[in-house]
Amino acid sequence: MSSEDGDVEEQLPKSVVDEVKDELPKNASEKHVREVLQRVHQEYLKTLVEPGEAVGLVSAESIGEPGTQMTLNTFHYAGVAEMNVTLGLPRIMEILDGKREIATPMMEIYLKSPYNKGKDIRKVAQSFKEIKLKDVAAEFLITPDLNIDIVFDAENMKNLGITPAGVLKGMKVGKGITVREKSDGLSIKPKNKEGGLNEVYQLKEKLKDMYIKGIKGITQVLPVKRENEFVVITAGSNLKEVLVHPDVDAERTASNDIFEIMEVLGIEAARQAIINEVFKVIDSQGLNVDVRHIMLVADTMCSTGAIKGITRYGVVSDKSSVLARASFETPIQHIIDASLVGERDHLTSVVENVMLNQPVPVGTGLPGLITKVKK
Amino acid sequence: MDENIYVHKKVKSLVFQVLSPKMIKDMASAKIVTPELYDKEGYPVDGGLMDIRLGVIDPGLKCKTCGSKLKECVGHFGYIELARPIIHLNFVGVIQLLLNSTCRECSRILVPQNEIDKHKQEVESMEKISSGGSIRRKAIREMLSGLKSVSKCPHCKAKQGKITLEKPTTFLESEKRISPVEIRTRLEKIPDDDVQLFGISPKAFRPEWAVLTILAIPPVTMRPSITLESGERSEDDLTHKMGDIVRINQRLFENINAGAPEIIIEDLWDLLQYHITTFFDNDVAQLPPARHRSGQPLKTISERIKSKEGRIRHNLAGKRTNFSARTVISPDPNIQISEVGVPLSMAMKLTVPEKVTAWNMAYLKKFLETGPEKYPGANYIVRPDGKKKKITDETKEASLEELQPGYAVERHLMNGDVAIFNRQPSLHRMSMMCHRVKVLPGRTFRLNPAVCHPYNADFDGDEMNLHIPQTEEARAEAEILMEVQNQLISPRYGLSVIGCTQDALAGNYALSRDFKVSREEAIQLLASVGVSRLHAIGSKETVDGLQIFSAMLAPDFNFTGKSRSGEPFIVKNGKVTEGKIDKSIIGEESGLLLREYHRRYGGKETIALIDRIYHLGINVLDKIGFSVSLYDIDLPADARSRIQQVLDKAYAQADEMITLFREGKLEVFPGRTAAETLELRILEILNKARNETGKVVNEFGIKNTDILSMVNSGARGNLLNLAQMAACVGQQAMRGKRIEKGYRNRTLPHFMMHDLRPAARGFIRDGFKGGLLPHEFFFIAITGRDSLMDTALRTPKSGYLYRRLANAMQDLKVEYDMTVRDASKKIIQFKYGEDSIDVSKSEYGKLNVSRMVEK
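Protein chains in written order, with my numbering: chain A, 6 to 380; chain B, 5 to 859.
Hints are computed from structural coordinates only; laboratory data are not their basis.
Please read these numbers as outputs of a predicted model, since none were measured by experiment.
All residues carry an ideal CB built from backbone N, CA and C; glycine is no exception.
Be careful, since some hints might not be right.
[As the list claims (entries may be wrong)] Using C-beta positions, here's what the derived DEER-type ranges look like:
#	chain 1	residue 1	chain 2	residue 2	range
1	A	E113	B	N725	32 to 38 Å
2	B	F834	A	P364	24 to 30 Å
3	B	Q125	A	E113	47 to 53 Å
4	A	G291	B	K312	31 to 37 Å
5	B	N319	A	K285	37 to 43 Å
Work the whole structure out from these sequences, hints included.
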């Protein structure tokens, strides 16, 4: 494109310019391109937000209003091919509350070629799954001399693709505990037997959940065909380890655990994840909400560099105004805390001014008129 | 005109501080010494809780402090001197923190000097980045976290005991109680510099103020007594509570002076502590709440402030207004969409103030002459000093004489006045829109059924509210920002919230399907919706539906879109050349044609268009007739047998699965148990079968019936509903599973235990028309109840989510530099939505680039 329309192009958001490029015929003349851009620019100016617009409230309305129409406790259940995932209002609340522990952590793992075309798909999927000692064992026995004998389940082991040696290698036992391989399993000798049966029993229970192989935290795997490639869907999430797995296409692989994303990929990724997840839920309910509103919510939650929930402990507690905080929840505590510090409320936001019967500093409450006073 | 001098003052900021004992004494106008309220004559006792120096609540009396009358005097504080210091409940946390972190001997903070200096610097540097309590509090917590293990004071080397709090207000040091006197002396000794380290400003709060020696008595105006019909006086809860405090305090004084034994004094002291604690908060977990004689808990200070019904949320953040009305709504398609029908009786009560000028004198005098009894009259005149004068038959003449420029006349509501109309819950900004008044007979508000959608209103007894703005500014804002035509495009998704529904949709759909009438009839139809641009229908003798529809559009209107079925819908130069008129063209929340019309011709024209389309649809139905009957969903015999075949097959497949499962031969899905797999497989089979029956219904039955055109136009229902009526209702699901609860190991007594077959787990094989079997009816009742509960549980949850969102984001706004910032000017977004596009000005959230490229 020529340098003359550079001006106009710069003033347009990139997404719009890209769209123009897509829509224009390949052989469009320069003059034509310029004309179109001019037209687009003119229309763009008409659609701009006006300064003073209370966009926050509009976004809150846009997400809150369809909330009443959302169904509670819907699970995704499209036949066989999907995992159970919390959807609907509970999921939205979970995200916006900034909950660390989510009800159904889940990953969508995209694979590198040739696995994404279905090669050994079951095996690859299986390799992500966390295998615990109890998955390969048929029996845990406490012998009369207070040793623990573990009998392997040969068939399960074959299915999971693991050998007795592999089990031994994967096991990490504490100091003083000796593990011996037997013909059909393991024999484990505890450190000291003074604790008696009780302690050995506890050790046995602990051994059942001993990590052997796979990626920690991933409890279920399900290979699924998406359009023309295979994707592994998992229950449980562990981004850190999955992303470095050699067979994984790290660029497209995603988790639904927002805090994990923040820890592994940073706050910007977390912001995008919030947008994606909220949008996914709203979309799945057949509701119609513009992304901009969700973006604004995500930005409010992430603007400090850490994820803050929309709760009295999160975003609201960061407000500069005492009265705004007090009008939300636990007013007495807020007023007491403010009085200790001798806090000053500058009345810059909406509620305080409502309380004092003054014009609010948004929209038409913003501009003032200055006139010369006749002397 | 006389020159009014307006003094506009604005509160710039508020400071929060704790009242010091000295401050309480200074601001008090009376010392309270006796629990008695009134003497024998019923006159307030001097030094009692109702002392007239504390304000007036009786008409006729004058305040002894300020000399003003009832309603003019805002009230004055008093105080009582406490015989012994009392711990203030709300400061217990701070007291504990301070006691635990300072030395018991020298009262210095238990942090060595070098660390204090380091910490001071840190906090200062952090405050530079961002102000606000939370960061400070965090830093302090960090500094103090190491204190728990300190057992020796770094300043005077005294040994430290741990101080624990026995809730609510008792402090223990190594299991021994510390008296409030001791606590107070310790707190007094903490130097100001150390107090600051806790993030406390010594100017706003000296630690010892947390232990009360003097209690402020709130003015009587905030605790008025009520005189009952019997002439008896009933005092406010706060007065009761303070009576207790003063009484016990007096007894404590007497006992101390008389040298009573320590135990009695201690007991009274504890009792005083209890009363003062409950005076501040009567909902403390460890204390029994103070009660009335009737057993109902007293409402003390905390309860007055707290929660939804408290002062803050109820009275301060929620305002009420005069000049409003509320009544039942009913539909009236014959008024404009932007109008609201107001009952005459209301129009005579609601008024609009009009300023009298030399030019409208005569006009306004006419209202005065009519008086308040006849319409359109006036109810009040307002003098320039703000005094209102009622107009009655007697005062009418005098008022007429008196009226001159500068006065205002409060005249009755008239057609064309501006009103704000609202329906709760006000979930979005379209729940409160501005309408023009249309005074109508009757007793209900009338609204055009097309605006039901933004209000989410129906006419099963809904009530709505109306408010008449009283100032020019308010009217201007209402007109410009809130009028229906300016609220058409939802900021949620960028499409029109108003459109056609139900019969209007079905009617217009009929127009676009083989609709041919004679020219005369077409003119009739167009005339009925007020279109006079008759040449648009051409000069042929027969006119088709699209031509009639086109006649309503602007002659230079162009539009390309898609109907629901995916067919193109094209308007060229104001003529519909092809396509079906259905929900995605003219419906609410989806009408793309409406969106484009709005962009080109603005809200007013669009509203007019919607109104015309709406009427046309109804009139078309009127003309051609539209009825739905049971026969519409009749299926031919072969279709019915096909459906039975499909279902039989599915049943057989399911049975096969169950047998496999019972024999343990079922192939299990990875990560699932056999039982889960079976459920999934059966669900899959049944779903497939039901869909197939739907297909059969579509293929064979229900062709060219009105019920189908209802579905296809998007007016009501969908194909699934049709299949449910005609063929098979399908699986009833609870929480994504087949129904499994009920009796032991079975759903209903009609089945054997452990029966897993489709019919026993909520699959409904019959259609609604064919009729349900008793057990099928039960299954529908089960899921029906379940979904009812779902709605009931969801509403409060989503309401709370909404409240939180609104509270968190209400002060975000777009600044003049196009960034989005919060109240403390922190940037949230550099460009709103990354492109600064206002959704309510966009087309479905986008800039329609392709249209501009094509042009």
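Here's how the hints hold up against the structure:
no. : hint                         : verdict
1   : E113/A to N725/B: 32 to 38 Å : 34 Å, holds
2   : F834/B to P364/A: 24 to 30 Å : 27 Å, holds
3   : Q125/B to E113/A: 47 to 53 Å : 48 Å, holds
4   : G291/A to K312/B: 31 to 37 Å : 33 Å, holds
5   : N319/B to K285/A: 37 to 43 Å : 41 Å, holds
This entry satisfies every hint, going by the numbered hints stated previously.
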